[in-house]
Amino acid sequence: MLSEVITAQNDLGIRISHIVLMGTGEPLDNYDNVMKFLSLVTDENGLNISMRHISLSTCGIVPRIYDLAEKRLGLTLSVSLHAPNDSIRSRSMPVNLKWNIEELLKACRYYTEVTSRRISFEYAMISGLNDSDECARELSSRLRGMLCHVNLIPVNNVRENNYVRSDRERLRSFSEILQKNGINVTVRRTLGSDIN
Numbered sequence: 001m002l003s004e005v006i007t008a009q010n011d012l013g014i015r016i017s018h019i020v021l022m023g024t025g026e027p028l029d030n031y032d033n034v035m036k037f038l039s040l041v042t043d044e045n046g047l048n049i050s051m052r053h054i055s056l057s058t059c060g061i062v063p064r065i066y067d068l069a070e071k072r073l074g075l076t077l078s079v080s081l082h083a084p085n086d087s088i089r090s091r092s093m094p095v096n097l098k099w100n101i102e103e104l105l106k107a108c109r110y111y112t113e114v115t116s117r118r119i120s121f122e123y124a125m126i127s128g129l130n131d132s133d134e135c136a137r138e139l140s141s142r143l144r145g146m147l148c149h150v151n152l153i154p155v156n157n158v159r160e161n162n163y164v165r166s167d168r169e170r171l172r173s174f175s176e177i178l179q180k181n182g183i184n185v186t187v188r189r190t191l192g193s194d195i196n
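Numbering (this note's numbering), first residue to last: 1 to 196.
It should be emphasised that the hints constitute simulated quantities derived from the structure, not laboratory data. By construction, the Cβ of each residue, glycine as well, lies at the ideal position given by its N, Cα and C atoms. Check the hints yourself; a few may be wrong.
As the list claims (entries may be wrong) - In silico lysine-lysine, DSSO-like type, Cα no more than 27 Å apart, as pairs:
{"#": "1", "residue 1": "K106", "residue 2": "K71"}
{"#": "2", "residue 1": "K180", "residue 2": "K98"}
{"#": "3", "residue 1": "K71", "residue 2": "K36"}
{"#": "4", "residue 1": "K71", "residue 2": "K98"}
To be verified - Cβ pair distances, simulated, as ranges:
{"#": "5", "residue 1": "P94", "residue 2": "R159", "range": "19 to 27 Å"}
{"#": "6", "residue 1": "M35", "residue 2": "S116", "range": "19 to 27 Å"}
{"#": "7", "residue 1": "I14", "residue 2": "S173", "range": "27 to 35 Å"}
{"#": "8", "residue 1": "R159", "residue 2": "I6", "range": "35 to 43 Å"}
{"#": "9", "residue 1": "N10", "residue 2": "E134", "range": "49 to 57 Å"}
Assemble the whole structure, with the sequences as input and the hints as a guide.
Here it is in structure tokens:
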């Protein structure tokens, strides 16, 4: 990981100031190496990148969220939630069979209480699966009172899974329900829909 950052800096001729750990495997499954990496990139004698400019994305490895909370690192934790309940989440997130939503959100609440850092919940909006007003109300109820932000992500259409992006009206309605219930929410700009 460190060599990738250094190579990027050298190749681009600019200082890397922000890092996102995601997309090449589950960072919390590689916990010890991720902690070493974070120590090196944030050290003032290393790359001296502020911990507040580092995001770590997880599918929800509950024991490691507790471990991460105890480290009080100050990074941004992003959790791939994508559903308001176990029935829906277990269909696309196998990790939910090991640690259900209740266990995951309990760990997330602990993280926010210990670190005073807001958690970002990633929520891919899939038409007819997880985008109903009922889902929005259930999600609002589960997140109420937690220091968090929800990123609603219009999913790119995936024919193999029959995943179709929620339409604008669904996105608007879902977002409004979260907002009315005191949940900070953003609808992410869509990119990559032209890739097949």
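Do the beta carbons of I14 and S173 sit within 27 to 35 Å of each other?
For I14 and S173 the Cβ distance comes to about 41 Å; the hint is violated.
So if I understand the rule, the pair passes when the alpha-carbon distance is 27 Å or less; does K71 with K98 pass?
Distance of about 24 Å is within 27 Å: holds.
Does the beta carbon distance between R159 and I6 stay inside 35 to 43 Å, or does it fall outside?
holds, 39 Å
Is the straight-line distance between the alpha-carbon of K180 and that of K98 27 Å or less?
It is violated: about 32 Å lies between the C-alpha atoms, which goes past 27 Å.
Within 19 to 27 Å or not, the Cβ separation of M35 and S116?
Hint holds: Cβ distance 20 Å, inside 19 to 27 Å.
Given the hint that K106 pairs with K71, does the C-alpha gap stay at or below 27 Å?
OK: K106 and K71 at ~17 Å, within 27 Å.
Would you say the C-beta atoms of P94 and R159 sit inside 19 to 27 Å of each other?
holds, 21 Å
Going straight from one Cα to the other, do K71 and K36 come out at no more than 27 Å?
holds, 12 Å
49 to 57 Å as the expected CB spacing between E134 and N10, which holds or is violated
Holds, at about 51 Å.
In terms of the numbered hints stated before, the structure departs from hints 2 and 7, listed from lowest to highest.
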